[in-house]
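Residue numbers (the numbering used here), protein chains in the order written: chain A, 1058 to 1484; chain B, -14 to 91.
Hints listed in this document are in silico derivations from the structure and should not be mistaken for laboratory results. Check the hints yourself; a few may be wrong.
[Claimed, not checked] In silico EDC-like cross-links for lysine to aspartate or glutamate, where the CA-CA straight-line distance does not exceed 16 Å:
id, chain 1, residue 1, chain 2, residue 2
1, A, Lys1303, A, Glu1103
2, A, Lys1143, B, Glu53
3, A, Lys1412, A, Glu1103
4, A, Lys1388, A, Glu1378
5, A, Lys1143, B, Asp80
6, B, Lys45, B, Glu0
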Amino acid sequence: MSQAAAIDQQRVTDTHDADAWRDPWSLPLESLDPARAILFKENVHEEYFRRLRQEDPVHYTADSEFGAYWSITKYNDIVAVDSNHKVFSSHKNIVVGDAPDEFYSPMFIAQDPPIHDVQRRAAQPAVAPTQLADLEALIRQRVCTILDDLPVGEEFNWVDRVSIELTTQMLATLFDFPFEDRHLLPYWSDVATATPSTGRSDVTFEERNKVLQECLNYFAQLWHQRKNEPRKFDFISLLAHDPETKDMLDNPMEFLGNLILLIVGGNDTTRNSISGGVIQLNRAPEQWEKLKANPELVPNMVSEIIRYQTPLAHMRRTALEDIEFQGKQIKKGDRVVMWYISGNRDEEVIEEADKFKIDRENARRHVSFGFGIHRCMGNRVAEMQLRILWEEILNRFDAVEVVGEPERVLSNFVLGYTHLPVILHAK
Amino acid sequence: MPKITFIEFDGTAHEVDVPAGGSVMEAAVSNNVPGIDADCGGACACATCHVFVNEAWMDKVGERGDMEQSMLDFAENVRTTSRLSCQIVLTDELDGLVVDMPEAQH
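Please take these sequences and the hints and turn them into a complete structure.
Structure follows, in structure tokens:
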């Protein structure tokens, strides 16, 4: 073979190998590394998890950019790990990659009892269901304003104009954050989650720290102000007045960590379920027709959207002791990743799990909110925003038509979209 | 078959007859009693089947378990009579049980 032919041959082999990751069925089972962020951006992760559920539901990846980790891929196994907080700890890290110690900021989602319990209890009243009932009229008014400002018959980015705008306004309300500065919230959220520990390397830990310091300073001012006013039901006031958390500002990294938790928790999640719903209804036009004919299906559809989208792909735990789990030996200190996106496609629990069905029976039975003591605190806020949004969309538009390929986020944690071009059709 | 009465927050009562052996949560869900979500399907992992057990029945239904206590720590408006209904197993002894439902499930 000539040198040129050899190089060509090599190129063919390289190209083949370079693309092999797109088809997990072509790879040796033991080599499967489903935590690579590119799998989610390129939307090829589903086949990885399908194979793992079938062939190796509790899977060990010995070598990855995040170190070794276990993947839990089946619904019931996820429930078992998630509700066993005594063995599977949330302490320090709840995503597959470890944050470097010098940038460690404690937050209650990444704590075990008792710290988790007292901090969560302090913040939770802001999003308690009975509290939300009082917010419904305000949210509806804002949804209407956002929708009424949209252009009809002309292309725009749904992510910016609706998904981000609505969740940002909701967050500003939950923090009682100055409304005119509200766009700082998604900015801080994006910087906080764009780290190498979830497979995104576009922001270094140093850059991230600088931006989050600004976030900390801004909220410290709000904290001082709220502390000197009577207690009310926003996150900052609740934390500043609760006997268990009133000194949190003395530990700025812990204050920052909890701010990030509450901002990210209310931002990246519902944002992407809002975009995801539009995409799903476009891919399944018969479901959109069914919805228009049966608007009372909106609440059920909201659960189905949250299942189908699974806005957070995973949560990670750390084993506190050696444990045999489904025949595998998990060792003390091992990383254990619960792939919610996989549990939500588990055919053994969810019939026709790959299908988006707005009238699905037991639609609430999904793992997107997690289970056990760390179950999503804002689940009812999320459901309320989505419900009101779709009720008001149905009141106004004949269709929200997707007119181009959505751009997906590069992350193994946040499953979402940066760009979703749509055209609205008037009723 | 034990009979259970579920009373909604607005006072509406639902009487159901169910075989012994299942849970109070399952009795509600299989009879379409509104107000019990049971998102986790009975794994004591979501606290969306919260009920208040009628005082007269407190001794008979037994104590909260450890995990149940942990989950109730994060439910809304918890009282001394609060239980997760997926953790109450129906026996013939519980024939006539009355439970009230909270305003909302978190």
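* To do: Could you grab the alpha-carbon distance between Lys45 of chain B and Glu0 of chain B and see if it respects the 16 Å cut-off?
  => Judged against 16 Å, a Cα distance of about 19 Å means the pair is violated.
* Asked: Within a Cα-Cα threshold of 16 Å, do Lys1303 of chain A and Glu1103 of chain A meet the stated pairing?
  -> violated, 44 Å
* Hinted pair Lys1412 of chain A and Glu1103 of chain A, Cα distance within 16 Å -> The given pair, whose Cα atoms are some 13 Å apart, holds under the 16 Å limit.
* To do: Given the hint that Lys1143 of chain A pairs with Asp80 of chain B, test it: the Cα-Cα distance must not exceed 16 Å.
  => violated, 36 Å
* Would you mind confirming whether the straight-line C-alpha gap from Lys1143 of chain A to Glu53 of chain B stays at or under 16 Å? => Judged against 16 Å, a Cα distance of about 14 Å means the pair holds.
* Asked: Is it true that the CA of Lys1388 of chain A sits at most 16 Å from the CA of Glu1378 of chain A?
  -> Holds, at roughly 6 Å.
Taken one by one, the earlier hints fail for this structure at numbers 1, 5, 6, listed in ascending order.
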